[in-house]
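Asks: These are the residues of each chain, in order.
Number of protein chains: 2
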Amino acid sequence: MNRSTKQKTTRDAILDATDRLLAKNGYKKMTIDDLAEEVGIGKGSVYLHFESKGDIALSHIDRIIERLKSNLSEMASSSAAADVRLRKMIMERIMYRFDSVQHYSQSLNELLATIRPRLLDRRRRYFREEAGIFSRVMADGKKTGVFTLKDPQKAAEAVLDATNALLPYSLSAYELGEREELEKKASNVADLILNGLKKR
Amino acid sequence: MNRSTKQKTTRDAILDATDRLLAKNGYKKMTIDDLAEEVGIGKGSVYLHFESKGDIALSHIDRIIERLKSNLSEMASSSAAADVRLRKMIMERIMYRFDSVQHYSQSLNELLATIRPRLLDRRRRYFREEAGIFSRVMADGKKTGVFTLKDPQKAAEAVLDATNALLPYSLSAYELGEREELEKKASNVADLILNGLKKR
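Chains as they are written, first to last, in our numbering: chain A, 357 to 556; chain B, 357 to 556.
Wrong hints could be hidden among the right ones.
For lysine-lysine, the following PhoX-like pairs were computed, each having C-alpha atoms within a straight-line distance of at most 25 Å [unchecked claim]: (1) K555/A / K498/B; (2) K506/A / K554/B; (3) K444/B / K506/A; (4) K409/B / K384/B; (5) K506/B / K555/A; (6) K555/A / K499/B; (7) K399/A / K385/A; (8) K444/A / K510/B; (9) K510/A / K425/A; (10) K444/B / K554/B; (11) K498/A / K425/B; (12) K510/B / K498/B; (13) K444/B / K510/A; (14) K499/A / K409/A; (15) K499/A / K555/B; (16) K554/B / K499/A; (17) K540/A / K399/B; (18) K498/B / K380/B; (19) K554/B / K444/A; (20) K425/A / K540/B; (21) K506/B / K554/B; (22) K540/B / K554/B.
One side only, chain A facing chain B, incomplete, derived with CB under 8 Å [what the hints assert, rightly or not]: (23) G400; (24) L404; (25) S408; (26) K409; (27) R443; (28) A521; (29) E539; (30) K541; (31) A542; (32) L550.
Since the hints were made in silico from the structure, they are not lab data.
Where is the CB? At the ideal position from N, CA and C, for every residue including glycine.
Required output: the full structure, derived from the provided sequences and hints.
Replies: Laid out in structure tokens, this is it:
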């Protein structure tokens, strides 16, 4: 095992311990000392990998999304028809996140409230990255004549908007954004609901 | 003007003043004294209509939803084809709420955080009531052969789920509920996205 692999392992062990402590005590009560003890390393070793408790919480969520994206990419690359792939990906998008946080759902609001400003920036990035994966399947479906749609990227974004309310980290008032932008999103979701994606 | 009409007018004037003060100072800084002064009545008169500041905030949101429901009902009863009506209703559902709160979007999180537990119960009721209005159009669309769907009520709920992320008061982790229930919702939204509602 080389050094970078070992570092990755300790990092993952800290995030695994975070997951357990969030379930057990919640975010507020979790301390770096507890984390170090749970992993069986010194407090200083934790700080070799993370700057702060907030940094650990964000990395913990980042890891959930990285794993989700990896699952989604794999599904997107399968040889199934585009509509079959898309259905699996939609279900995965919703259920994977639920399964990742449900054991500490009591303390999730507390966690989200604390790291919200930094999380909002990240969520925009998550959304862009997910849209990139979904748009590949949209483009495939368009090419193979399974879907009727104009713009794969726009269709991917509408699918994400139409499923966002079922995610644990959903929109807050703070993110409402511009009216015009919202109206466009709403219009795309309305079209999606009325027409669906499958070719008539 | 009889007594009950006058009472309704004062009540509405207090809620109108609430709207202005939320935009001006935010929820935390708003006092019953400010409200009374803004309406031009005594503090005691405010308490004739409302029990507390939290009660006023909730009634303020109730009023937004009542007005929205009235608009939706009107649209649902129009003579247009079911798909045309549904599209208008989806846009109204999203844009009316945005327009109702955008002038105090800065203080919306603060307001929501304070009244969250009581608001959650209400949101379940709002959702049920909206679903009732939408399901009428679903049933019409089914009867007239414009939509292909099995259960108008279920279809209405899937449409609401698919647009919930675009509302100012969206789901929080606290409301995640049961996995099985979420999976069913996700599956219905996935079908909706893939197949749409319009008859092939």
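Asks: So, against the hints stated earlier in the document, which numbers end up violated here?
Replies: 11, 14, 17, 18, 23, 24, 25 and 26
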